[in-house]
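> Respectively, the protein sequence lines represent chains A and B.
Those letters in the first sequence? Residues 1 to 397, by my numbering.
Those letters in the second sequence? Residues 1 to 397, by my numbering.
Just so you know, these hints were derived from the structure itself, not from any lab.
The structure presented is a predicted model; accordingly, all values stated were derived computationally and were not measured.
Backbone N, C-alpha and C fix where the C-beta goes; we use that ideal spot for every residue, glycine too.
Here's a subset of chain A near chain B, in silico, CB distances under 8 Å, partners left out: (1) T222; (2) T303; (3) A304; (4) A328; (5) V389.
A few chain A positions that, by computed beta-carbon distances, are all more than 12 Å from chain B: (6) D33; (7) E87; (8) A94; (9) P117; (10) E207; (11) A242; (12) R278; (13) E363.
Number of protein chains: 2
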Amino acid sequence: MQHPIPTGFRLAGVHCGIKRKATNEDLALVVCDAPAVAAGVYTKNIVRAAPVILDEQRTPTDQFHVLVINSGNANACTGDQGMRDAEQMTQLAADACRAAHDAALVLSTGVIGVLMPMEKVQQGIAAAAAQLSNDEASLIAAARGIMTTDTCRKIASRQIETSTGKVSICGIAKGSGMIGPNMATMLAVIMTDAKLGANDAQAMLTEVTDDSFNSISVDGHTSTNDTALLLASGQVGTAPLAGAELASFKNALLEVCVELARMIADDGEGATHLITIRVNGCATLADARRIAQSVANSPLVKTAIAGNDPNWGRIVSAAGYSGVDFAAEGVSLHVNGFLLYEQGTPAEFDDPKVSASIAASRETDVELTFSEGSAGCRFWTCDLTTEYVHINADYRT
Amino acid sequence: MQHPIPTGFRLAGVHCGIKRKATNEDLALVVCDAPAVAAGVYTKNIVRAAPVILDEQRTPTDQFHVLVINSGNANACTGDQGMRDAEQMTQLAADACRAAHDAALVLSTGVIGVLMPMEKVQQGIAAAAAQLSNDEASLIAAARGIMTTDTCRKIASRQIETSTGKVSICGIAKGSGMIGPNMATMLAVIMTDAKLGANDAQAMLTEVTDDSFNSISVDGHTSTNDTALLLASGQVGTAPLAGAELASFKNALLEVCVELARMIADDGEGATHLITIRVNGCATLADARRIAQSVANSPLVKTAIAGNDPNWGRIVSAAGYSGVDFAAEGVSLHVNGFLLYEQGTPAEFDDPKVSASIAASRETDVELTFSEGSAGCRFWTCDLTTEYVHINADYRT
Numbered sequence: 001m002q003h004p005i006p007t008g009f010r011l012a013g014v015h016c017g018i019k020r021k022a023t024n025e026d027l028a029l030v031v032c033d034a035p036a037v038a039a040g041v042y043t044k045n046i047v048r049a050a051p052v053i054l055d056e057q058r059t060p061t062d063q064f065h066v067l068v069i070n071s072g073n074a075n076a077c078t079g080d081q082g083m084r085d086a087e088q089m090t091q092l093a094a095d096a097c098r099a100a101h102d103a104a105l106v107l108s109t110g111v112i113g114v115l116m117p118m119e120k121v122q123q124g125i126a127a128a129a130a131q132l133s134n135d136e137a138s139l140i141a142a143a144r145g146i147m148t149t150d151t152c153r154k155i156a157s158r159q160i161e162t163s164t165g166k167v168s169i170c171g172i173a174k175g176s177g178m179i180g181p182n183m184a185t186m187l188a189v190i191m192t193d194a195k196l197g198a199n200d201a202q203a204m205l206t207e208v209t210d211d212s213f214n215s216i217s218v219d220g221h222t223s224t225n226d227t228a229l230l231l232a233s234g235q236v237g238t239a240p241l242a243g244a245e246l247a248s249f250k251n252a253l254l255e256v257c258v259e260l261a262r263m264i265a266d267d268g269e270g271a272t273h274l275i276t277i278r279v280n281g282c283a284t285l286a287d288a289r290r291i292a293q294s295v296a297n298s299p300l301v302k303t304a305i306a307g308n309d310p311n312w313g314r315i316v317s318a319a320g321y322s323g324v325d326f327a328a329e330g331v332s333l334h335v336n337g338f339l340l341y342e343q344g345t346p347a348e349f350d351d352p353k354v355s356a357s358i359a360a361s362r363e364t365d366v367e368l369t370f371s372e373g374s375a376g377c378r379f380w381t382c383d384l385t386t387e388y389v390h391i392n393a394d395y396r397t
Numbered sequence: 001m002q003h004p005i006p007t008g009f010r011l012a013g014v015h016c017g018i019k020r021k022a023t024n025e026d027l028a029l030v031v032c033d034a035p036a037v038a039a040g041v042y043t044k045n046i047v048r049a050a051p052v053i054l055d056e057q058r059t060p061t062d063q064f065h066v067l068v069i070n071s072g073n074a075n076a077c078t079g080d081q082g083m084r085d086a087e088q089m090t091q092l093a094a095d096a097c098r099a100a101h102d103a104a105l106v107l108s109t110g111v112i113g114v115l116m117p118m119e120k121v122q123q124g125i126a127a128a129a130a131q132l133s134n135d136e137a138s139l140i141a142a143a144r145g146i147m148t149t150d151t152c153r154k155i156a157s158r159q160i161e162t163s164t165g166k167v168s169i170c171g172i173a174k175g176s177g178m179i180g181p182n183m184a185t186m187l188a189v190i191m192t193d194a195k196l197g198a199n200d201a202q203a204m205l206t207e208v209t210d211d212s213f214n215s216i217s218v219d220g221h222t223s224t225n226d227t228a229l230l231l232a233s234g235q236v237g238t239a240p241l242a243g244a245e246l247a248s249f250k251n252a253l254l255e256v257c258v259e260l261a262r263m264i265a266d267d268g269e270g271a272t273h274l275i276t277i278r279v280n281g282c283a284t285l286a287d288a289r290r291i292a293q294s295v296a297n298s299p300l301v302k303t304a305i306a307g308n309d310p311n312w313g314r315i316v317s318a319a320g321y322s323g324v325d326f327a328a329e330g331v332s333l334h335v336n337g338f339l340l341y342e343q344g345t346p347a348e349f350d351d352p353k354v355s356a357s358i359a360a361s362r363e364t365d366v367e368l369t370f371s372e373g374s375a376g377c378r379f380w381t382c383d384l385t386t387e388y389v390h391i392n393a394d395y396r397t
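Excised from the complex, chain A in its bound form:
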């Protein structure tokens, strides 16, 4: 699929030696030559990487110029030197693009607790700045430059018509994978050429992130570096989007973010199934999310799906310990459209048939219905296989 690069953006991805393998890009630049809007949503972990601390101070802004991203080193738990390195990365990126120092942002992902190899980073930024382009090869190189153990690059895009022209949205993301001896992170960068107010961009990104990047789980382990950025060049249109057009932009942004989020869950370490959990009939959205997350993080549920097992007892009981109060006799459960549990009572179903439906598809649908109200949500996760354990336990041996 051809992904349109929003007007005003140039990208590059290079290998500068943070990762060992020379064919693996490990540094990317995303540049907007004119001042742009940037909004950010960051990890809720108390232990925050230096780039997260820095970017939080600098967003939202309408003076954004350049973003530098590296993979292979998370610059997390690196103390004062880590903060200085993050600042220097933005300085180098800003200098390379003749932008103000604080018009630059930085994202890092990879090994925790190791100081950034700044000499390599400096060379990488210079090399990337020399290759900036708005062609698809640059987009792909940048998308590859933020990967850790992702098995595939993650790009999603949408276009919508507005009264002042066609607006493009294009995002890149990386998923949960291991690098070196430590965990990696989820990163997403969404570019658009829409004209957006900085506060609108921030509010939209926060809201959309809750329904996408904050609604996925691979192993329930929130990292120190998770970040989603929305960058808006404002090259299409004269006044910031508002009213119905802003709403339609938000829908398209949500679609891009959900598509990227699903790609991250689908590419979870060792995954053989992408699991969509739908929770309906809750008193509040927060309740629905809490139940969905409890089911998504249950190793018993995840191993059952890996074994093509419609194990409704594990799903219903994972809802039961979520901390949300509900009437047990009002719970129903569908898996892949089959009714397994109805109003608190086991339903009669064709076990081998349901099992075969799980085995036949990469995607599994789990739908839990409660009798408390009308709030609901979607949540995405993946199954838990022996390959996950191998990736995360055996890489030293």
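For this one, chain A is given, so just place chain B on it according to the hints.
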């Protein structure tokens, strides 16, 4: 080790056919011929098995006579018929021991959502009632009768001297394992011949459970059937224990419960390491427990220990997303006594040496220190191996 059976108790364990294999006991009786005290602590899952609902209504009591326990069927998510079956099980057990109907309690563990095979249960209760004894063989048969996929029986005991005689405490437990296509549960039954007030027994059991059975995790999946019972025959002494003697009894009870809880974590499915997590320096005990639980449930931490990997980034970041607020720069971490992370900064340590210390021992010690206060806790879990995934995903194939 010889375990003293507290005076006043008789036990039996038999095979009645709930489990397929004839050498696996699947039904146990614990009988006190004179009225005894019984206190219970139950699962916090909203979805509760019939025996849990019934026993909750009947405890605490000072009129306890007989407990029937079966493995192989959890009698959970079985609707009204399940409640009738649980009641009938207590009726059958009470009749067999010539006790009042409501002087009986029932525990079940095993497959969810399948009606109890009451004919087999009836025969089992009759057979067990004919074999009741206070010898060690009966204790072992009862301990075996409550096992599901536990690889070993779990018995712990202590004796303490009181002014009115020697008091014995003896407990049996079963751990987290799978049976049939569904999850099983944690059960524990602690017998003592001490004379205890029913309210004292309940308060002690609740408190001690928080520091033992509620401080372990195998996969974070709270079951529908979890129960701990304290049964006190009152055969030693004339007045209920009080003051310093009650405190010393509570200490011994805690030791028995911690020993059983550690056995459950150690026998977690596929486990190769028992992990003790110590959390110190928190503002509150609740904070310490929340952090310990977050670390204990992280698949990334559990796979790291399985791989003998002193992966401090995973441990520190799991604390960071626990939901507890703390100063990141005040965190220190020891693994097996080695300092890996000091006041928010990576410590220099001999990585292969720490790894070798994990590989060399069945037990791994993780100690996290914070700078918020003086509250702390202990928590036990096990590592996550490919064998866990095999047990829980592949048993149908």
